[in-house]
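*Asks:* Protein chains in written order, with the working numbering: chain U, 1 to 128; chain V, 1 to 385.
Careful, some of the hints might be misleading.
To be verified - Cross-link-like lysine-lysine pairs, in silico, BS3-like; alpha carbons within 25 angstroms at most:
id : chain 1 : residue 1 : chain 2 : residue 2
1  : V       : K198      : V       : K219
2  : U       : K82       : V       : K294
3  : V       : K278      : V       : K267
4  : V       : K278      : U       : K82
5  : V       : K278      : V       : K264
6  : V       : K173      : U       : K82
7  : V       : K278      : V       : K294
8  : V       : K59       : U       : K82
9  : V       : K264      : V       : K277
10 : V       : K277      : V       : K59
11 : V       : K219      : V       : K59
12 : V       : K264      : V       : K103
Unchecked claim - Short, incomplete list of chain U residues facing chain V, as computed with Cβ under 10 angstroms:
id : residue
13 : P47
14 : T51
15 : L67
16 : A70
17 : M72
18 : P83
19 : I86
20 : H101
21 : A122
22 : H123
23 : H125
The set of hints was computed from the structure by calculation and includes no laboratory data. Keep in mind it's a predicted model, so treat the numbers as computed, not measured. Where is the CB? At the ideal position from N, CA and C, for every residue including glycine.
Listed below, chain by chain, are the residues.
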Amino acid sequence: MITGAVALLSTPTLAAANCPIDAPMAAAGDYQLSYTLTPALPTVGQPFQMTIEACGPANAPYTGPILVDADMPAHRHGMNYKPTVISTLPGTYVAEGFLLHMPGDWRFKFRLAGADGPVRLAHGHVQP
Amino acid sequence: MIRLLILAAAMIGACANAPSAIAQDVSFSETERAAILRFGPWPPLPSTDASNRVSGDEKAIRLGLQLFNDPRLSPSGRVACASCHQPEQAFADGRPVAIGVAKGVRNTPSLLDTGFSRWFGWAGANDTLWGASIRPITAAAEMASAAEHVQTLITTDTTLAAAFTQTFGASAKAMGAEPALMAVGKALAAYQETLISKRTSFDQFRDALAAGDTTGTSKYADSAKRGLKLFIGEGRCSLCHLGPRFTNGEFDDIGIPFFTGPGKVDKGRYAGIQYFKKSAFTRLGAYSDDPAGKDSPAAIPSHHVALQGRAFGSFKVPSLRGVQETAPYMHNGTLNTLPEVIDHYSKMDQDRLHIDDAAILRPLNLTPQQALDLEAFLRSLSPTK
């Protein structure tokens with residue numbers, strides 16, 4: 001896993017989260033996040049990575065655990081794979097193991113450990 | 001003059017065949033065009049498998065071909081890979097389910113283009129072609145063999161022994177039984193990677209469409225064009241059958257029964273993942289030759305595949321290239337012809353589906369003409385003889 005993290009670090013340029021995020025892709029209460037995908041336009045049926053920037057209370061980088069997943073709400077199914085998340089720098093995470101197996105309307109889902117319980121965030125993704 | 005007459009006759013013929021489509025050109029929207037282009041190009045660029053050190057190696061390909069046709073790999077001396085994967089039958093066997101040393105429960109898939117897969121077998125029990133080539137050697141119902149038997153064969157047959165040592169730089173005896181079996185799997189894989197299906201009339205149409213060559217696109221039959229429109233549109237076939245091989249490489253349930261006998265079920269992908277997680281012969285194991293080992297990008301799906309309830313009774317979305325040659329159809333070979341397959345999708349019993357698949361698949365209630373069009377399209381995915 002450690003070697004995996006090192007391999008990942010070499011792909012996208014990573015920096016500590018720049019909080020608050022100007023136009024977050026998802027936000028709830030004190031928490032906000034944005035992400036980028038590598039490759040930026042994933043191919044259906046092919047694996048890709050996600051780099052996440054997350055902020056928490058007092059505009060500080062969020063440093064707790066993040067669970068990520070994706071599903072197709074209209075089809076009521078998720079992915080056949082379970083991504084893993086590695087924290088790299090404060091507020092920055094890299095998730096690996098995404099694979100969207102159908103074209104259409106997907107949703108990336110995030111679960112953060114908020115001060116008062118789980119914080120659930122989501123952002124839509126249209127997979128061509 | 002004679003030419004003109006033939007042309008006129010051909011036109012009358014065409015009209016008679018397609019009464020509903022007289023002088024009506026089938027055209028595609030920009031969105032449809034983009035969707036169609038994604039079924040190509042064909043063939044894909046050649047690539048090698050990093051987990052197999054002899055992938056693409058000429059000596060290994062020759063040895064693999066020999067082994068593929070050699071019934072002595074099975075202790076009975078009667079079953080070769082080619083007994084079920086018959087070259088003249090698109091490397092399938094035309095039977096509903098395979099018969100090796102005993103009768104199996106699954107249909108023999110074609111091996112054409114198998115090298116491009118991520119998961120092998122109807123349940124995806126293997127993540128490498130060499131792993132999938134070792135599985136039948138030891139499977140009880142297929143060849144019922146063992147590593148020691150294979151090692152002895154490779155050691156005692158002088159021709160095989162020489163070819164093996166030349167390919168792998170060591171004899172099967174020096175290697176040990178299990179590594180020798182892995183090597184045999186890798187030579188078999190190197191050979192199977194060369195089995196690539198030929199270009200089809202669909203590919204010609206697709207490339208002409210990409211190039212904006214209207215003379216080229218006009219050569220593709222209108223019926224196939226209408227079938228293609230259905231395939232990517234109303235039929236929703238391309239939600240699963242996508243990309244140059246017409247498969248997303250994943251697993252689904254389309255309502256094919258998975259009972260294999262009284263009280264017995266084929267758990268499909270669920271059992272496949274269980275088998276995979278227990279196997280040592282994978283991209284994550286010590287026999288992978290990938291220099292990046294289990295951290296190789298090619299191993300990412302193997303690391304992250306999740307055992308979930310929806311895998312139960314799901315089977316691999318098969319490639320549709322060459323589908324005309326590989327009847328009977330489905331994981332258990334229960335549908336005999338392409339019209340039967342189309343009828344299955346047309347009259348789909350949604351109660352048989354997983355809840356999530358019921359949100360995707362519904363009875364298409366095709367008209368007879370639509371069913372014929374879809375069939376014409378599916379047939380155009382096979383090379384013209």
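*Asks:* If a hint holds in the structure, say so; if it doesn't, say that too.
*Replies:* Results for each hint:
Restraint check: the Cα-Cα separation between K198/V and K219/V comes to about 18 angstroms, which is no more than 25 angstroms; the hinted pair holds. A C-alpha spacing of about 17 angstroms is found between K82/U and K294/V, which places the hinted pair at or below 25 angstroms, so the restraint holds. For a cut-off of 25 angstroms, the pair hint linking K278/V to K267/V stands: about 16 angstroms separates their Cα positions. A threshold of 25 angstroms between alpha carbons decides the hint, and for K278/V with K82/U the separation of about 18 angstroms falls inside it, so the pair holds.
Only pairs whose Cα atoms come within 25 angstroms are accepted, and K278/V paired with K264/V is accepted, the gap being roughly 22 angstroms. For the given pair, K173/V sits about 41 angstroms from K82/U by alpha-carbon distance, which is inconsistent with the 25 angstroms threshold. The straight-line distance between the Cα atoms of K278/V and K294/V is roughly 15 angstroms, inside the 25 angstroms bound, and the hint therefore holds. Restraint check for K59/V and K82/U: the C-alpha separation of about 39 angstroms exceeds 25 angstroms, so the hint is violated.
Distance hint between K264/V and K277/V is fulfilled; the C-alpha atoms sit about 23 angstroms from each other, no more than 25 angstroms. The straight-line distance between the Cα atoms of K277/V and K59/V is roughly 32 angstroms, outside the 25 angstroms bound, and the hint therefore fails. Straight-line distance between C-alpha atoms of K219/V and K59/V comes to about 42 angstroms, which puts the hinted pair past the 25 angstroms bound. For the given pair, K264/V sits about 15 angstroms from K103/V by alpha-carbon distance, which is consistent with the 25 angstroms threshold.
Contact between P47/U and chain V, as hinted, is supported at the beta carbon level, the nearest pair being about 5 angstroms apart and thus within 10 angstroms. Because the closest C-beta pair between T51/U and chain V is about 15 angstroms apart, greater than 10 angstroms, the hint is violated. With 10 angstroms as the threshold, the beta carbon of L67/U stays out of range of chain V, its nearest partner Cβ sitting at about 13 angstroms, so the hint is violated. The interface hint given for A70/U is broken, as the beta carbon of that residue sits about 12 angstroms from the closest beta carbon of chain V, more than 10 angstroms.
Because the closest C-beta pair between M72/U and chain V is about 8 angstroms apart, less than 10 angstroms, the hint holds. For the restraint placing P83/U at the interface with chain V, the shortest Cβ-Cβ distance is roughly 6 angstroms, inside the 10 angstroms limit, so the hint holds. Here the hint on I86/U is broken, as its CB sits about 13 angstroms from the closest CB of chain V, past 10 angstroms. Checking H101/U against chain V by beta carbon gives a least distance of about 4 angstroms; that is within 10 angstroms, so the hint holds.
Contact between A122/U and chain V, as hinted, is not supported at the beta carbon level, the nearest pair being about 18 angstroms apart and thus beyond 10 angstroms. Using the Cβ-Cβ criterion of 10 angstroms, the hint placing H123/U at the interface with chain V is not satisfied: the shortest such distance is roughly 21 angstroms. Annotation: H125/U was flagged as interfacial toward chain V, and the flag is violated, the nearest CB pair being 16 angstroms apart, outside 10 angstroms.
Checked against the numbered hints above, the structure violates hints 6, 8, 10, 11, 14, 15, 16, 19, 21, 22 and 23; every other hint is satisfied.
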